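Participant: Guided by the hints, dock chain A onto chain Z, whose structure is given.
As given, the protein sequences belong to chains Z and A, one line each in that order. For the first sequence, position 35 (counting from the first letter as 1) is numbered 34 according to numbering that gives the first Met the number 0, and the numbering increases by one without interruption. For the second sequence, position 135 (counting from the first letter as 1) is numbered 134 according to numbering that gives the first Met the number 0, and the numbering increases by one without interruption.
It should be emphasised that the hints constitute simulated quantities derived from the structure, not laboratory data. Possibly wrong hints are sitting among the right ones.
[Said to hold, decoys possible] Part of the chain Z face toward chain A, derived, beta carbon under 10 Å:
{"no.": "1", "residue": "C53"}
{"no.": "2", "residue": "D54"}
{"no.": "3", "residue": "D75"}
{"no.": "4", "residue": "E77"}
{"no.": "5", "residue": "D78"}
{"no.": "6", "residue": "L80"}
{"no.": "7", "residue": "I81"}
{"no.": "8", "residue": "V82"}
{"no.": "9", "residue": "Q84"}
{"no.": "10", "residue": "D88"}
{"no.": "11", "residue": "N101"}
{"no.": "12", "residue": "L111"}
On a predicted model such as this, the values are computed, not experimentally measured, just so you know. A virtual CB, placed ideally from N, CA and C, is assigned to each residue, including glycine.
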Amino acid sequence: MYILIVGGGKVGEALAKNLSKRGHDIAVMEKEEDIARKLAEDLDEALVVSGDGCDPLKLEEAKIERAKVVVAVTGDDEDNLIVCQLAKDSYNVQRVIARVNNPKNEDTFKFLGIDTVSSTQIISKLIEEESTPGDIVTLLSLKKGKISIVEIKVDSDSPAANKQIRELSLPKESLIISIVKGEEVYFPRGDSVVQEGTSLIALTAVDAEKDLRSVFKKRKEK
Amino acid sequence: MHVIIVGCGRVGSQLATILSGEGHDVVIVDKNPKSFKRLGSAFNGITITGIGFDADILKRAGVERADALAAVTNGDNSNIMIGQIARRMYNVPKVIARIYDPERAHIYKKFGLDTICMTTIGANLIKGKLLKGGK
Numbered sequence: 000m001y002i003l004i005v006g007g008g009k010v011g012e013a014l015a016k017n018l019s020k021r022g023h024d025i026a027v028m029e030k031e032e033d034i035a036r037k038l039a040e041d042l043d044e045a046l047v048v049s050g051d052g053c054d055p056l057k058l059e060e061a062k063i064e065r066a067k068v069v070v071a072v073t074g075d076d077e078d079n080l081i082v083c084q085l086a087k088d089s090y091n092v093q094r095v096i097a098r099v100n101n102p103k104n105e106d107t108f109k110f111l112g113i114d115t116v117s118s119t120q121i122i123s124k125l126i127e128e129e130s131t132p133g134d135i136v137t138l139l140s141l142k143k144g145k146i147s148i149v150e151i152k153v154d155s156d157s158p159a160a161n162k163q164i165r166e167l168s169l170p171k172e173s174l175i176i177s178i179v180k181g182e183e184v185y186f187p188r189g190d191s192v193v194q195e196g197t198s199l200i201a202l203t204a205v206d207a208e209k210d211l212r213s214v215f216k217k218r219k220e221k
Numbered sequence: 000m001h002v003i004i005v006g007c008g009r010v011g012s013q014l015a016t017i018l019s020g021e022g023h024d025v026v027i028v029d030k031n032p033k034s035f036k037r038l039g040s041a042f043n044g045i046t047i048t049g050i051g052f053d054a055d056i057l058k059r060a061g062v063e064r065a066d067a068l069a070a071v072t073n074g075d076n077s078n079i080m081i082g083q084i085a086r087r088m089y090n091v092p093k094v095i096a097r098i099y100d101p102e103r104a105h106i107y108k109k110f111g112l113d114t115i116c117m118t119t120i121g122a123n124l125i126k127g128k129l130l131k132g133g134k
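Chain A with its partners taken away, still in its complex shape:
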């Protein structure tokens, strides 16, 4: 699969390394080239320095033929914008946008963007662990 990952933070770099290790064609985009240092030695994909919602950068990353895209920059709004460009302008079959704000995640899910809200997921996981095996 041709996968584009926008944002090479902790999540993005790990995701890129795993996918690339599994044999997928991975292109990772980040505005800060230093962030690519996070990529493990197993990563054999392509890195592109640039703003993820710049349509030119996405085109360079091969958005027109991508099978999937994950928007995992540290900005909710950037991720929403990238997600919409990929989904609506370039019809990428599978697009996920990571959003911290539960409210925005909920709204954009309603509008048809596949969103993942780490805040809600994290809170629920922690809650589950806290309550499990209690007195």
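Pulled out of the complex, with its shape left as it was, chain Z reads as follows:
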């Protein structure tokens, strides 16, 4: 699959390496000539095009009409937006993804119909989780961070300890998908009991995570 990456910074470079390892055909566009030259030396597999990805003529030079996916990962949100709009509306690229540096711009991108990944949001969330241990731990983030699979340890002081699953008022957008006790994994039904000392694996909308937490964790004293 031919994938065009606009922006040859750290994200663009890492992405190019990973995707070409998976056998994709990659081109990277970088507007700073020096960086582009260095990239061309470092990336054996990928084609490096020196030029501004917001310039339609340069995009054509990078064979955008062949691209199945266009990814814009420069450090400037306005540039990422324009690259994606040009790709989508002018060249009919089926899949376009923009990196959003400032989370504030996410709504704008969404409104204008461009799919985003907010690196800032993801990193801050990861760091927040790492720095608050013992809480709910995210095992896997899915659908661009909208839903996640999380692990919850059930302590003896948990309000849910030794209750049946059906007794818990779980948020609508959360589902307990397994109970882990030591090495054993159970697939719970409504009458399964959440014993203290076990771990639960749950699928949850990120927005519902707070409510999910309150079902299992004692409210922290302030």
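Facilitator: For chain A alone, coordinates are given in the frame of chain Z:
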């Protein structure tokens, strides 16, 4: 008229001064507060320091009730983004985006954004002057 001008460069500051002199309510936005020095003494509008495509800044500038907006920062992409936010998210009746790159100006005009390409206009004007009154 309530007019928002984003970008207080040569064009933006002049536009702001003229409009404000004609009695319009002008709000001018620029990320660099020093650029407001360009505004003449006749300017009696409001200045806001901030990024023009930040929806919060545009709201502070009154985009929800603006009659017109001109995006004249020095970045084509910023102007396109600001123009689209004003036109499509806030339905500002009259929105103009200044774009240097003729190619992008043409494409976004096709997509319904009112664009002005100074490069094309300038080239045509100069051409007209050069060829007028020749031998």
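Participant: Determine for every hint whether it applies to the structure shown.
Facilitator: Evaluation of the provided hints:
Interface hint at Z:C53: satisfied, since its Cβ lies 6 Å from the closest Cβ of chain A, which is below the 10 Å cut-off. The interface hint given for Z:D54 holds, since its Cβ lies 7 Å from the closest Cβ of chain A, which is under the 10 Å cut-off. For Z:D75, the interface hint holds, since its Cβ comes within 10 Å of a Cβ in chain A; the closest pair sits about 7 Å apart. Proximity of Z:E77 to chain A holds as hinted, the smallest CB-CB distance being about 4 Å (cut-off 10 Å).
Look at Z:D78: its Cβ gets to within about 5 Å of chain A, closer than 10 Å, so that hint holds up. Nearest Cβ of chain A to the Cβ of Z:L80: about 5 Å, under the 10 Å cut. The hint holds. Taking 10 Å as the C-beta contact cut-off toward chain A, the hint placing Z:I81 at the interface holds, the least distance being around 4 Å. Proximity of Z:V82 to chain A holds as hinted, the smallest CB-CB distance being about 9 Å (cut-off 10 Å).
With 10 Å as the threshold, the beta carbon of Z:Q84 comes within range of chain A, its nearest partner Cβ sitting at about 8 Å, so the hint holds. Residue-level restraint check for Z:D88 holds (minimum Cβ-Cβ distance to chain A is 6 Å; threshold 10 Å). Among the interface hints, the one on Z:N101 holds; its C-beta lies about 8 Å from the nearest C-beta in chain A, closer than the 10 Å criterion. About 6 Å separates the beta-carbon of Z:L111 from the nearest beta-carbon of chain A, less than 10 Å, and the hint is met.
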